[in-house]
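As they're listed, the protein sequences go chains H and X.
Numbering-wise (our numbering), the first sequence opens with residue 1 and increments by one.
Numbering-wise (our numbering), the second sequence opens with residue 1 and increments by one.
Since the hints were derived computationally from the structure, they do not count as laboratory data.
Be aware that a few hints might be false.
What the hints assert, rightly or not - Covered stretches of chain X, going by a simulated chain H footprint (3 or more residues, C-beta under 8 Å):
(1) 16–24
(2) 227–239
(3) 282–296
(4) 394–407
All C-beta atoms in this analysis are idealised placements derived from N, C-alpha and C, irrespective of residue type, glycine included.
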Amino acid sequence: MATDLDTILKKYRQGRREDLIPLLQELQTDHGFLSEEAIIRVGNHLGLSTTKIFGLATFYDQFRFIPSGKIHIKICHGTSCFMNGSQSVIDKFNKELKIAPGQTTRNGNFSLDVVTCMGGCYHGPVIMVNGEYQIHVRPEHVPDLIKKLKYIIDND
Amino acid sequence: MEDLKTFLKEKVLLFESDTLSAETEKVLQQVRRDRTDVPVIHVSSNTSSIIAGSEKTYDALKSYVEENEPGTLIIRVGCTGPANFEPVVCIQMPGKNKLFFRNITEEKVEPLLNGVYHNDINEDDLLGQAGSRGFELWPGISFINDLPFFAFQKRIILGNCGCYDPDSIEEYIARGGYRTFVKTIRHYTYEEVCDIIERSGLRGRSGGGYLTGMKWKQALNTGSNARYFICNAKESDPGSFSDRTILESDPHRLLEGMAIGAYAIGASNAILYLKSSSEHARNRLQKAIDMAREFGIIGHNIYSSGYNLNITIKVEPGAFVCGEETALINSLEGKRGMPQLKPPYPTTSGLTGKPTVINNVETVMNVPLIMQNGPEWFRSIGTETSPGTKVFAISGRGRMSGIVEVEMGTTLKFILENIIDGIKDGKEFKAIQLGGASGSFITSDVLDTPVDFDEMKQKGFGMGAGGFVVIDETSCMVDLVRFYMEFIRNESCGKCIPCREGTGRMLEILESVIKKPANEDSGTTLERFKGVMQLETISAVMKDTSLCGLGQTAPNPFVSALKNFREEFEEHIFDRKCKANVCRGLRTFLINVEKCTGCTVCAGKCPVNAIYGTRLQPFFIVEDKCIGCGICYDVCKFSAVIVK
C-alpha cells in the first residue's frame with residue numbers, strides 16, 4: 001500500500017528547493033501519480049506556491065496527474081521502433097482503447113504512454129505491459145493482446 | 001567474506017608496487033573464477049537482453065541446474081555487444097575454454113545444457129569460444145574474437161563489459177579496479193591529474209569534443225569552497241543506448257572514473273545524473289555505490305589520503321533538453337530544465353553558483369584507463385587530434401546491431417561493411433543517421449569519412465552521443481525527418497522563440513508534405529513547395545539564433561535530407577507519391593473485386609464518402625475523393641482493400 005504522504009515529507013525535512021524534484025519523484029513512484037492534494041501539501045512543506053510546483057511538474061514528462069490504469073502500457077517510439085512501424089502500433093492502441101498517450105481509460109483499467117527508447121532496438125517495436133516486455137509487436141496483435149489483458153483484469 | 005574484504009583492501013588496493021605477489025594473484029584468480037572446479041554459466045543481463053527474454057532464460061537455467069547438475073554457478077553479467085544475439089549465454093566447463101551461445105531463449109536451455117554437459121555441442125546456436133588462456137580448447141570451434149563483429153573492434157571502454165558480474169565489487173577489484181583511484185588520491189596532486197588527462201588529449205565524447213583536461217583545469221582554477229563533478233548519463237536521443245549498456249555492464253569503472261574526476265577538480269560531491277526510465281541501471285549503480293562505500297572507496301578520509309567523496313544518484317524527471325549542461329544544472333536545483341545563456345560556463349559558475357564539471361559517461365570511462373596506462377598509451381590509440389576510441393550504438397537495418405567500439409580514425413564505411421556486415425535482407429543502403437535527433441544523414445558518397453572530431457566537423461556532421469542508425473530503402477526520408485522534428489518539437493523547452501516556434505512551424509510544413517488535403521487544387525502544390533523553401537529559411541534562422549544546442553541543431557536532419565534526397569521531397573510534393581510506401585497520407589487504396597463481399601463496412605466508416613457500391617456487390621473507391629486515411633484498410637475483415 002502507498003506510504004503516507006507525511007512519511008515521505010519527513011524524509012525531506014530541510015525542505016530545500018533542490019529537494020522538490022526527488023520529492024515529487026518519490027511521490028509519483030509511491031502513489032502512481034501526483035494528486036492535487038499532494039501538490040498543495042508539498043507546496044506548504046517547501047514554501048512554494050502550488051502554481052510553481054505544477055508549472056515545474058508539467059514541464060517534465062515523468063509526472064502524471066491522473067492515476068495510471070491497472071494495466072499500464074508503454075510503447076517505444078525510438079528511431080528503430082519507428083522504422084519498424086511503431087506508429088501504427090500506437091495508432092492501433094489509441095483506436096482500440098480509445099485513449100491518447102498519457103491518458104487512462106474511464107474505467108481505470110488501461111493507461112498508455114509513449115517513450116523514446118527502451119533500448120531493445122533490434123527487437124522493435126517493443127512495448128512494455130506492467131513491466132513485462134513484449135517484442136516484435138505488430139498492429140494486428142493488438143486486439144488479441146487487449147482481449148487477453150481484459151480477461152486478466154476481469155478474473156482478478 | 002569479511003576476510004576477503006580486508007584482504008582486498010590491504011593486499012590489493014593499498015599495495016604500492018605495480019606487480020602483486022604470487023600469493024595475492026592466486027586469491028584474485030579465485031575471485032575472478034579464472035580456474036574453477038565447477039561449471040560456470042554467464043547470462044547477459046542488461047536492458048536489451050532482458051527485452052529479448054534473458055530473465056526467463058536465467059530462470060530456466062536455474063531450474064535445469066538445480067535438477068540435473070547441482071553445483072553449477074549461474075551468474076548474471078553485462079552485455080558483450082551484439083544485440084541481435086541476445087540473450088547470450090556463456091558456459092565454462094572446468095578446465096575448458098569458455099563457449100558463447102547466441103539467442104538462448106527459455107525453450108533452448110534444456111537441449112543446450114544437455115549437449116554441453118555431454119560434450120555434444122549444437123553448432124547452430126554457437127557463437128564461438130573465447131581466446132585461450134591456458135585452457136583446453138574445444139576442437140573445431142572458431143574463436144569468438146575472429147567473428148568480424150568483434151575482430152574489427154578495439155574494445156577499451158567495453159573491455160570489462162560482459163566479462164564480470166557487475167554486482168560484485170570484489171571481482172572488479174580482482175580485475176585491477178579501484179587500484180588506480182587509490183594510487184591517484186595517495187600519490188598525485190589535483191593539478192597532476194588534470195595535467196595527465198590534458199596531455200592524453202581526451203576529448204568530451206558527448207559531441208562538442210572539448211578537451212576534458214582543460215575543462216577540469218578551469219574548474220580547479222576557479223576559487224570556491226565547493227565544487228561539483230557531474231556525470232551526465234542522461235541519454236535520451238531516440239536510438240542511442242550505449243551509455244545505458246555501459247552503466248549496466250560496468251558500473252564500477254564508471255564510479256572509479258567519477259571518483260578520479262572529482263578528485264582532480266577537488267570536488268567532494270559527485271552526482272550521477274541518470275535517465276528516468278532506466279530503473280535497471282539505477283538499481284545496479286545504487287548497489288555499486290553502496291558496495292564502494294563499504295569498501296571505503298567512497299566516504300570520509302578515503303584510504304588515509306585526507307580526501308572525502310560522496311557520490312549520489314539523481315534521476316532526471318524526463319526532458320530531453322536536460323542533456324544540455326545549464327538545463328541539467330537548473331533541473332538539479334529544482335527548477336524547470338531550461339538552458340541559460342553561456343558564459344558563464346558551468347566550470348566557473350555551475351550548480352548553486354559553484355564550479356561544476358559535467359562529463360559524459362564515455363568520457364568518464366576513459367579516465368581510469370588513462371591514469372592506469374599513462375597519457376602516451378592513450379595517445380597511441382586513434383588519430384593525432386582525436387585520440388582514443390568511440391562507442392556507437394548501432395541499430396536500424398544493419399545485419400548486426402548493438403554496442404560497438406572502434407578506434408578513432410576508422411571510416412564509417414569500414415564499420416558498415418565489416419562490423420555491421422551490410423544491410424539486412426539484401427536491401428539497398430540509403431544513409432546512416434549519426435548522432436540522434438539532431439544529427440545528419442550520411443550518404444554513401446561521404447561514407448569514407450573517418451570517425452574523428454575535426455574531420456567530421458569539417459564535413460558538417462556531428463557524432464553526438466553515438467547513435468548510429470542504419471537506414472535502407474524501405475524507409476522514407478521525409479517521414480523520418482518529420483519523426484525527428486516531431487520529437488524535437490515535443491522536447492523544445494519553450495524558452496527561446498526560434499526553437500519553440502520554428503520547430504512547430506517546420507513540423508506543420510513537413511506534415512502538409514506527407515498528408516493529403518481534403519480538396520486539392522492547383523494552388524496547394526505551390527503552397528507546399530513554398531513551404532519547403534520556407535523550411536530552408538527557418539532552418540537558417542534557427543541555427544543562428546537559438547539559445548542552446550537543441551534549437552541550433554534541430555534543423556540538421558532536414559537540411560541534410562534535403563541536400564541528399566531532394567528528389568524524394570519533390571516526389572512527395574509534386575507526384576504525391578512515397579516510393580518507400582511509408583507515408584500513410586499518400587497511399588492510395590483499391591478494392592480487390594474478387595475478395596470484396598459488399599458488406600458496406602468500409603463505405604460506412606469512410607470519412608469523406610469516397611467508397612461507393614451496392615450491397616453484396618463489390619465496392620469501389622473514388623481516387624479523387626480519397627484522403628488516404630486508411631480506415632477502410634483497417635476495418636476490412638476480408639483483406640479486400642489493398643494499398644497501391
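Status of the hints after comparison with the structure:
Note: the region 16–24 of chain X has 0 residues with beta-carbon separation from chain H under 8 Å; the three-residue rule is not met and the coverage is violated. A stretch counts as covered by a chain when three or more of its residues have a beta carbon under 8 Å from one of that chain; for the region 227–239 of chain X and chain H the count is 4, and the coverage holds. With a threshold of 8 Å between beta carbons, the proposed coverage of the region 282–296 of chain X by chain H is violated, since 0 of its residues qualify and at least three are required. Only when three residues or more bring their CB closer than 8 Å to a CB of chain H does the claim for the region 394–407 of chain X stand; here the count is 5, and the claim holds.
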